[in-house]
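Sequence order for the protein chains is E and P. Numbering of the first sequence is given in the numbering used here, commencing with residue 57 and proceeding in unit increments. Numbering of the second sequence is given in the numbering used here, commencing with residue 57 and proceeding in unit increments.
It is possible that part of the hints are untrue.
[What the hints assert, rightly or not] In silico lysine-lysine, DSSO-like type, Cα no more than 27 Å apart, as pairs: (1) Lys90(E) / Lys231(P); (2) Lys117(E) / Lys330(E); (3) Lys90(E) / Lys299(P); (4) Lys155(P) / Lys231(P); (5) Lys301(P) / Lys161(E); (6) Lys75(E) / Lys199(P); (7) Lys199(E) / Lys122(P); (8) Lys291(P) / Lys301(P); (9) Lys160(P) / Lys160(E); (10) Lys301(E) / Lys161(P); (11) Lys301(E) / Lys160(P); (12) Lys288(P) / Lys306(P); (13) Lys160(E) / Lys301(P); (14) Lys299(E) / Lys122(E); (15) Lys231(P) / Lys291(P); (16) Lys90(P) / Lys299(E); (17) Lys335(E) / Lys102(E); (18) Lys155(P) / Lys299(P); (19) Lys299(E) / Lys160(P); (20) Lys70(P) / Lys160(E); (21) Lys70(P) / Lys161(P); (22) Lys90(E) / Lys102(E); (23) Lys102(P) / Lys318(P).
[Unchecked claim] Pairwise CB distance ranges (calculated): (24) Leu78(E) / Glu298(P): 41 to 47 Å; (25) Ser295(E) / Asn223(P): 43 to 49 Å; (26) Ala287(P) / Phe87(E): 57 to 63 Å; (27) Val333(E) / Asn332(P): 57 to 63 Å; (28) Glu220(E) / Lys222(P): 39 to 45 Å; (29) Thr82(P) / Ala287(E): 25 to 31 Å; (30) Lys117(P) / Glu228(E): 51 to 57 Å; (31) Glu298(P) / Asn119(E): 53 to 59 Å.
Think of the hints as simulated: they come from the structure by calculation, not from any bench. Beta carbons: idealized from backbone N, C-alpha and C, even for Gly.
2 protein chains.
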Amino acid sequence: MKDNLTIFIKDTQKTINEKLMLYLDTLSMPFRLKESLYYSIEAGGKRLRPILMLATSNAFKGNDNKIYPAAMALEMIHTYSLIHDDLPAMDDDDYRRGKLTNHKKFDDATAILAGDGLLTESFRLIANSNEYTDEQKVYIISKLSEAAGVSGMVAGQILDIEAEAKNISIDELEKIHLLKTGKLFIFAMEIGAYLTDLNPSDRDLIKEFATKLGLIFQIQDDILDVIGDEAKIGKPVGSDQEKAKNTFPKILGIDETVAQKKRYQREAISILEKLNVEKSILIEFVHLFSDRDN
Amino acid sequence: MKDNLTIFIKDTQKTINEKLMLYLDTLSMPFRLKESLYYSIEAGGKRLRPILMLATSNAFKGNDNKIYPAAMALEMIHTYSLIHDDLPAMDDDDYRRGKLTNHKKFDDATAILAGDGLLTESFRLIANSNEYTDEQKVYIISKLSEAAGVSGMVAGQILDIEAEAKNISIDELEKIHLLKTGKLFIFAMEIGAYLTDLNPSDRDLIKEFATKLGLIFQIQDDILDVIGDEAKIGKPVGSDQEKAKNTFPKILGIDETVAQKKRYQREAISILEKLNVEKSILIEFVHLFSDRDN
Chain E
57 MKDNLTIFIK DTQKTINEKL MLYLDTLSMP FRLKESLYYS IEAGGKRLRP ILMLATSNAF
117 KGNDNKIYPA AMALEMIHTY SLIHDDLPAM DDDDYRRGKL TNHKKFDDAT AILAGDGLLT
177 ESFRLIANSN EYTDEQKVYI ISKLSEAAGV SGMVAGQILD IEAEAKNISI DELEKIHLLK
237 TGKLFIFAME IGAYLTDLNP SDRDLIKEFA TKLGLIFQIQ DDILDVIGDE AKIGKPVGSD
297 QEKAKNTFPK ILGIDETVAQ KKRYQREAIS ILEKLNVEKS ILIEFVHLFS DRDN
Chain P
57 MKDNLTIFIK DTQKTINEKL MLYLDTLSMP FRLKESLYYS IEAGGKRLRP ILMLATSNAF
117 KGNDNKIYPA AMALEMIHTY SLIHDDLPAM DDDDYRRGKL TNHKKFDDAT AILAGDGLLT
177 ESFRLIANSN EYTDEQKVYI ISKLSEAAGV SGMVAGQILD IEAEAKNISI DELEKIHLLK
237 TGKLFIFAME IGAYLTDLNP SDRDLIKEFA TKLGLIFQIQ DDILDVIGDE AKIGKPVGSD
297 QEKAKNTFPK ILGIDETVAQ KKRYQREAIS ILEKLNVEKS ILIEFVHLFS DRDN
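All chains should be built: construct the whole structure from the sequences, respecting the hints.
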């Protein structure tokens, strides 16, 4: 079963990468902008958000073709957020996954514009897609802009910056993660469920589950920054601490952080138990996110 | 008649300002982000793009209520572009209209996020509006993202940066302005016409007219940078030259630039003559944009 999941993830990564590159090819834009966009899209993230959207749709017997445009738009938004987040004015990172960050490869102005462009184009992709009715397009755009906007991801970014070098509580840290990464995870799974016509009350359960999954993802990120393998995580161990980032281990210590992760896992699985559908793939994601080494 | 135009502009500015502030009030967001967004929205631009959209709708007997959400979204996109354009990595401006730019008032990270937030929220505003059918929302979002995206405004920004300190032709300069400012002018007037159900061939004429109006706006901007009154334009005379910006006077000299402006005016008016509607207000905009002193 683990093998099935690995195959599913690899296949989805391959397909989403191909579709994103094909889509960028259809857009006419200046050479330097194109280079910069391709660079960051090709940088090869894990494509977790598209994978979660596809997996949710699969769990409810959805049609993959209906999922891809929304998944691509979501990954474009995620990519824009990384480009802007790496800028000197923000996290000031020179490398991401062992490759130069966009502004180091090009320059700050190009990176700002590449991010702005990806963000804008993500909405155009949905609006111009042939896979959706107008009603579906409006729903997806409304949810995506809410998840990414000033009450969502952008709010999380600013709260994260404000919290640096301050002592915050676990509740505050959870809130930052919910906004900064959770909202896009929730969008991924909610839209996967919406496009398979899952009923609204089960959709709410999926959103609750996605919230926990986001926290598991983040807490494992923090754990890897303390006890991970540099070659695998693609950045120096301890870099969060060096940047005075707020992390679970900073607030709870590493042992309690590992215990907290187990609590999130149990909560995630107990939410799934309320769903009357085939959920084995979703349970596997809980373990995958908890146990990942990069 | 000039008085009517002045009243129309003042009324529209007042209404759009009020509606934008009311709309921002409905959004829940962190305090610092809110301060930063309000600061730039309140900075009180001329609201030219919303005014053009309203004026176009008025010329075709449209309903103002249908126009405002699209006009607000457009102004939010314009405001985001100014915030990002002023950043040290881009134009590096400390003042805009005599007030500190967003990143000088706050900091670079906040300004980047405020811009990202406004851009994202502009699409949410359309998607959640009560004034449009789903079909209209999709049309507006498609056109807005096209005008602002990598084949539109963002393309213009990067070409403008690349052209700095180079010698470019008038055709190249016109292309940069078409992308950088023209596309949003065209969007303004096209949507004003679309929402009043103007037929597609007249809509094409309106787009041609908006293109010329954008060039008139820009050429007058360049002229004011050479012969304007600092107190009125709100920045030092000669600042384009200092930044090695490509301008009409740099390429053509000031006398030929004034002659070129007259040619654009004649072309704009001859396009209007093909339209079988009351067009006096649109003709007035040609003169207003040509003769403005700030």
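These are the hints, each one checked on the structure:
no.	hint	in the structure
1	Lys90(E) / Lys231(P)	holds (18 Å)
2	Lys117(E) / Lys330(E)	holds (18 Å)
3	Lys90(E) / Lys299(P)	holds (26 Å)
4	Lys155(P) / Lys231(P)	violated (30 Å)
5	Lys301(P) / Lys161(E)	holds (25 Å)
6	Lys75(E) / Lys199(P)	holds (23 Å)
7	Lys199(E) / Lys122(P)	holds (23 Å)
8	Lys291(P) / Lys301(P)	holds (15 Å)
9	Lys160(P) / Lys160(E)	holds (24 Å)
10	Lys301(E) / Lys161(P)	holds (25 Å)
11	Lys301(E) / Lys160(P)	holds (25 Å)
12	Lys288(P) / Lys306(P)	holds (22 Å)
13	Lys160(E) / Lys301(P)	holds (25 Å)
14	Lys299(E) / Lys122(E)	violated (41 Å)
15	Lys231(P) / Lys291(P)	holds (25 Å)
16	Lys90(P) / Lys299(E)	holds (26 Å)
17	Lys335(E) / Lys102(E)	holds (22 Å)
18	Lys155(P) / Lys299(P)	holds (20 Å)
19	Lys299(E) / Lys160(P)	holds (24 Å)
20	Lys70(P) / Lys160(E)	violated (43 Å)
21	Lys70(P) / Lys161(P)	holds (24 Å)
22	Lys90(E) / Lys102(E)	holds (22 Å)
23	Lys102(P) / Lys318(P)	holds (23 Å)
24	Leu78(E) / Glu298(P): 41 to 47 Å	holds (44 Å)
25	Ser295(E) / Asn223(P): 43 to 49 Å	holds (45 Å)
26	Ala287(P) / Phe87(E): 57 to 63 Å	violated (41 Å)
27	Val333(E) / Asn332(P): 57 to 63 Å	holds (60 Å)
28	Glu220(E) / Lys222(P): 39 to 45 Å	holds (40 Å)
29	Thr82(P) / Ala287(E): 25 to 31 Å	violated (48 Å)
30	Lys117(P) / Glu228(E): 51 to 57 Å	holds (54 Å)
31	Glu298(P) / Asn119(E): 53 to 59 Å	holds (58 Å)
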